[in-house]
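K.L.:
Each chain, letter by letter, is given below.
There are 2 protein chains.
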Amino acid sequence: MPVGTAGAVKAVHRHEVADDIKAQIILGNTYHLYLRPGMDILQKAGGLHGFNGWQKPQLTDSGGYQVYSLAASRKISESGVSFQSHIDGARHFFTPERAIDIQRIIGADIIMAFDECTPYPCDYAYAEKSMHLTHRWLKRCCERFDSTEPKYGFNQTLFPIVQGSVYPDLRKQSAEFIAAQEREGNAIGGLSVGEPHEDMYAMSDLVCQILPKEKPRYLMGVGTPVNILENIALGIDMFDCVMPTRNARNGMLFTSEGIINIRNAKWLDDFSPIDPNGTSYVDQSYSKAYLRHLFIAGEMLGSQIASIHNLAFYLWLVGEARKHIIAGDFENWKNQMVKKLDQRL
Amino acid sequence: MPVGTAGAVKAVHRHEVADDIKAQIILGNTYHLYLRPGMDILQKAGGLHGFNGWQKPQLTDSGGYQVYSLAASRKISESGVSFQSHIDGARHFFTPERAIDIQRIIGADIIMAFDECTPYPCDYAYAEKSMHLTHRWLKRCCERFDSTEPKYGFNQTLFPIVQGSVYPDLRKQSAEFIAAQEREGNAIGGLSVGEPHEDMYAMSDLVCQILPKEKPRYLMGVGTPVNILENIALGIDMFDCVMPTRNARNGMLFTSEGIINIRNAKWLDDFSPIDPNGTSYVDQSYSKAYLRHLFIAGEMLGSQIASIHNLAFYLWLVGEARKHIIAGDFENWKNQMVKKLDQRL
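The listed protein sequences correspond, in order, to chains A and B.
145 is the number of the first residue of the first sequence in the numbering used here; add one for each residue after it.
145 is the number of the first residue of the second sequence in the numbering used here; add one for each residue after it.
A hint or two may mislead.
As the list claims (entries may be wrong) - Calculated lysine-lysine pairs in the BS3-like style (CA-CA distance at most 30 Å, straight line):
no. : chain 1 : residue 1 : chain 2 : residue 2
1   : A       : K166      : A       : K316
2   : A       : K188      : A       : K166
3   : A       : K478      : A       : K166
4   : B       : K484      : B       : K467
5   : A       : K166      : B       : K166
6   : B       : K478      : B       : K200
7   : A       : K188      : B       : K410
8   : A       : K295      : B       : K410
9   : B       : K188      : A       : K410
10  : B       : K200      : B       : K188
11  : A       : K295      : A       : K166
12  : A       : K273      : A       : K219
13  : B       : K273      : B       : K188
14  : B       : K283      : B       : K200
15  : B       : K295      : A       : K410
No lab work stands behind these hints: they were computed from the structure.
Chain A on its own, in the form it takes in the complex (with noise of 0.2 Å):
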């Protein structure tokens, strides 16, 4: 999932990401929904949907990643967290209460359930207790969930997010709970914070045999291609991750042959298409030494071109998995795949 914090994927217009990149569906988040445009505006507008004009399905996080990533002096405490908005200073109360019925009204097609997402490194009794947390304020979230109706006119969906640190039997506890709420996805969290690759994959490995096959599973927040390749090894269905569009504007491509740094003075008189393999039209139609140009000029068009580059680029990857598991032989390619994709160019 392509991630458009604001409503927006940064860089891309919006007919770019369904019919250049393909994108399926999209991310938003609901701290910064929530703060900007705010509840009003997206209810009169008939949702996020209305708003952005996206008319596939989007998700929406719970907020609670952001709240303890970017708000100030954040407060925890069993019945929510307290937080001032990194924008006016505003103080707000997020519940879990709050939070489903804010993604009510933002419409998200996929409604995240309020967590803690605990920090890396974090030890042993605060991840316990924080587990403990987030699933009590899970039983919060599907009563008022399973208690309210959709406001448009279309269904939404809740997934529950199994925490539990880099803890192995923390993490097969939450999976169990998690898993046993049978809602119609569920969610890995807590990952991709900084933790060891190794670890990353074992966590994923335990949870997702727990978590049914038959719903999808999202790991989020993950990751570099690599990351998706291995986690689609181990199980996960559903990813979102900023780094292709965030790299994307400092310059770094993602290709199937490794990572370009555009900005590398190597790529000044290269003349050929951005990437020969690439799907989007971007790929074709300019080259490396323009793009460089764009960059070290610093012109915004250089993000845009590389946005596009880099989520068409994921989404191919992880089209490219799924015909892989499908024909039988994904393995084989994945293994192929991850050998190239950390290069650098």
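Using the hints, position chain B against chain A.
P.N.:
Structure of chain B alone, referenced to chain A:
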């Protein structure tokens, strides 16, 4: 002509300039292109057309304007101008011959003569002296141009530039000198540099009575939609201006009903299309409230949308002007339009 300073119209993809904005020609800045990507890269790319992939005509200014407005510690002498790059402080020297050579390498379809653009206000003595220098430089430009060949297999042409500040006798003298060179088109420089609009129109009027009608008359660096219509009324055929793109990036939209500052709170919950009369897809695709949100949230997509809108509006406006000239009712139409174009909505 949309301005593509560094070989790219800011925030707009090449195919959008062609298909959505319907530009027939774009402008590049010799000073910027000379410094970055530089002559070596442009030559290797087969000129600017090869570098940025824009296959319709391109016009380059001579670098004179940027040398006077951007570069540091410039020194003007009979032979040319010595200046320091605004990027790295490196010292460079432009002569009329060098300006032609550079534009031969850039491969511009229309090359501008190297002139001195006088500031406003400018005393008579300086304006007169500067005009004569511009005329002597023009002779050198023409000699260099006529004794060299295009590099990439297509024709290039050279436009001379009328100077003379806001002094009618100097403008008359300069226009006669420029017309006598009998080039394929002629330009008017040194206006839209801070003088009252009445002075601009008076000079444009005077010069258009001297420059031949059957050749394009190009007023450099102009202007607002009203400026453009008023100058068309006086006989101008070509314009370039950063205003539609620069103001777009600041949230100012030009429309057929007047000017919108999209950051204004009045658009907060206005879910109507950006411009119901607009001819580009963005006008119907995005609402005012959403575009305002993008600007307030600092999303570069806001600049992208506003840039497409403004450029498409400018191209629509001059296209309508042409239709009304042909239909014989230009004056009436123009007088109706200028009443609306400057209004703040």
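K.L.:
Hint numbers the structure violates, sorted upward?
P.N.:
Hints 1, 13 are the ones this structure does not satisfy, whereas the remaining hints hold.
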